[in-house]
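Between the sequences and the hints, there should be enough to build the whole structure, so can you do that?
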Amino acid sequence: MSGMRIKMIVIAMILVLASLLFAQGAFAVSQDMVIAIGAEPENLDPLKMMSAPAATIAEHMVETLIYLDVDGTLQPALAVSWEPAEDDMSWLINLREGVRFHDGTPFNAEAVKYNLDRFMGVEDPAKAAIFSFLLGEVSSVEVVDEYTIQVHLKKPFAPIASHLSHSFIGMHSPASLEALPEGEFAQAPVGTGPFKFVSWDRGEQITMRRNEDYWDGAPKLDTVTFKFVPEAGSRVIMLETGEVHAIMAVPPTDIVRLDEDPDIDIVRQTSVRLIYIGFNLEREIFQDVRVRRAINHAVNKDVLIEAIFQGVGEPSSAPIVPVIFGYHTVGPYEYDPEKARALLAEAGYPDGFEIELFHPTGRYPQDATVTEAVQAMLQEVGITARLTTYDWGTYLATVIVPPEQAEHDMYMLGWGTVTLDADYGLYALFHSSQWPPRNNVSYYANAEVDALLDEARITPDRGVREQLYAQAIELIWNDAPWLFLYNEGQVNAVRSNVKGLIHHPLENILAWDAWIE
Amino acid sequence: MYSYIIRRLLLTIPVLIGVSILVFSIIRFIPGDPARAIAGVHASPEYIEQVRRDLLLDQALHIQYFVYMRNLLRGDLGRSTFTRRPVTTELRERFPNTVQLAVAAMVIATLVGVGAGIISATKRYSLFDNVSMIGALIGVAAPVFWLGAMFQIFFSVRLGWLPSGGMGTWAHLILPALTLGLATAALIARITRSSMLEVLSQEYITTARSKGLNERVVIYKHALKNALIPVVTVMGLQFGTLLGGAVLTETVFSWPGIGRLMVDSILTRDYPLVQGAVLLIAVSFVLINLVVDVIYAFLDPRINYGTQEVD
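Note that the protein sequences, when read in sequence, are chains A and B. If you want the numbering used here, it's the 1-based position in the first sequence plus 3. If you want the numbering used here, it's the 1-based position in the second sequence plus 142.
Each hint should be verified, as a subset may be incorrect.
What the hints assert, rightly or not - Every beta carbon over 10 Å from chain B, so not counted as near; a handful from chain A, in silico: (1) V32; (2) A182; (3) I258; (4) V259; (5) F312.
Unchecked claim - Listed next, the stretches of chain B that the computed footprint assigns to chain A, with coverage defined by at least 3 CB atoms under 8 Å from CB atoms of chain A: (6) 187-193; (7) 300-308; (8) 398-409.
Since the hints were made in silico from the structure, they are not lab data. Keep in mind that this is a model prediction, so the values were computed, not measured. Think of the CB as a built atom: it goes at the ideal place given N, C-alpha and C, for glycine as much as any other residue.
Here is the structure:
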């Protein structure tokens, strides 16, 4: 037999094999999506979850009762409807019927009660979830019938629906949680979501597979893998080589280069986090509102965003970011150094003064660089800021202290309003009951603001709540307890053949409905 | 020699106790509140209090150390505050990955380093000598993360030959092992060269040569064994460093080893895990030093450890 003949036969065989392989679809692109994220989740149990990576990954497998959409609206998920009772002391929640957990057990009111009780630590308060304060206003959960639960409140608490949408309050199969050994936490979640847990290679990746029986129809992807790649530069390289389909948190310096790559799309999304520099209102200098406003006028936020973040982000125009329910535009404070100098002179500081400015390094993107730029801008109006930085742990312990222990005049922090409800952002940071060890680190106290925030908590009518928050935001803005800086932006990047990914303001990336072309 | 080895083994015990005290103290004496740091900005004061109790931070220092030592002797390093899994489990999962990477890097380092060193020494001032010593200089001076990033850009992005990160196949091992190995090879090459040169200038080598022995036998049989003694020291120390987790390399290449585990746990303020990782690294260092000392004794019988006088 001639060599030519053998070659022909081999080619024919390869063609037959290939056609068999590709017979299933016209375009047999493998539907296995790989996404690189910067950090590994701690675990996937609601009791001990505390990070955005954990939330991102859990949301593919475990669903919440209510889904917080990208635009900040609340959408039905495992609950189909929810409404307050007439006295606002409880909420009636109707559940989706016919849903099963990945282990085959049915999802019903009993399962919801089990999960919520576990989250709140009903049996043993010491075993409550880290984020149990989300349900802090709930007194008990009652099973009304197979697909109805009633959540009873200690006092009216309007943001409860937002809180129930928090990705840490996901519904796990009670049977699988029961099967955990004493003191253990769920590493392999069993939920109702579009993907089922497959494996977790520590330090490397988590893989999940399509849930064929998903109540809303099986997803298009076969598998989704989240790879943990701590080094931002390495994430970028993996996207360029095609080893991964999407990456989160693109470093500002790489944005321009990736933008020029025709195979890669840059996705800019807002975030729920706002970065600010708070004033220590117990200091004499900062008791004069003119000084606080002067500093707000002295800093050019547009320059910070352009120069340091390549234009990603926006100057803050309220103490919360626009995507949050209850947001109301009042700012930003115009950049006007002349006005700043005039206000300082009016307040009796024509020659400026010296202050201690504390800031973290490496906790928020470019935090130290931003503080240095602020320092230079303050110098322009005669204010000398001495900078002090610590590692994050020391920093928190130094800054979140009662007034008599405070060493700082100003401090930088960020706050993510993760429920997308103004209550979570305003109450914790501006209510006078929330001074350290809680999070009102500026020691801000305004009786009018307190009253508005209290009222908004117990008002079920969303329209009325919006008005209350608008008033509170205007008061806070005019009082200027912070140097309002910017709303953080987030930058993700995807291969251009990837379609349907959801880039959520909560710094999640969701592949529920995604596919690869 | 055996009494030397036993004595050396016994000496290791106080060293290990010292290490445990040091590791224990480092965590306790850094400023700041670990409980606050672990709990994060959004945490309630109640949860911070709970973390403080869990970590025994509300107890007196000597009680903390006593509990720590008691648990340590039972092989219990506590639980990670971040993942809630036993620290020993976390370490057991990650350490083999680091060992794999360290061994691969060491093989590359030894082959390239000792090889280049010998050739350089025997062909002093030749082109090979000059080129390899300049290469070694660059290898010692170049930061490992830079070298790693260059490899990624060249072999992964440009040529598309090798994966740029992660773990799984043998191909995943090549770039990180090369990055680590070449940096170590540079050091080994320089030391092999100078040690070889020193030995080659000694009288017994001249004697061997004058007896008319084959040059290969002179170099590989007579010279090399003695020249290797300082090389073994450096290799031991280097291997200890590699086992300590090549922190930067593991991070650049997303290699799930002990070095990255330590970086991750520092970032999440996971004190029990940091403590466990540092302890494991310190203990590997001590043990490798022990092994190096024992190898010494075999390599050079002339080394007198003062045991004969005692015997």
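Against chain B, does A:I258 hold up as non-interface, every C-beta pair farther apart than 10 Å?
Holds: least Cβ distance 17 Å, greater than 10 Å.
8 Å C-beta criterion, at least three residues: is the stretch 300-308 of chain B covered by chain A
Contact hint for the stretch 300-308 of chain B vs chain A: holds, 5 residues under 8 Å.
With 10 Å as the threshold, tell me whether A:V32 passes as away from chain B on beta-carbon distances.
The claim stands: A:V32 keeps its Cβ more than 10 Å from every Cβ of chain B (closest is about 19 Å).
Status of the stated non-contact between A:F312 and chain B (beta carbon gap over 10 Å)
Holds, because the least Cβ-Cβ distance between A:F312 and chain B comes to about 21 Å, which exceeds 10 Å.
According to a criterion of three or more residues whose C-beta lies within less than 8 Å of a C-beta of chain A, is the stretch 398-409 of chain B covered?
holds (count 7)
Confirm or reject the coverage of the stretch 187-193 of chain B by chain A under the rule of 3 or more residues with a beta carbon closer than 8 Å to the chain's beta carbons.
holds (count 4)
Reported absence of A:V259 from the contact zone with chain B (all CB gaps over 10 Å)
A:V259 is indeed farther than 10 Å from all Cβ atoms of chain B, at 17 Å.
Say whether it holds or is violated: A:A182 keeps its Cβ farther than 10 Å from all Cβ of chain B.
holds, 17 Å
Hint compliance for this structure: every hint is met.
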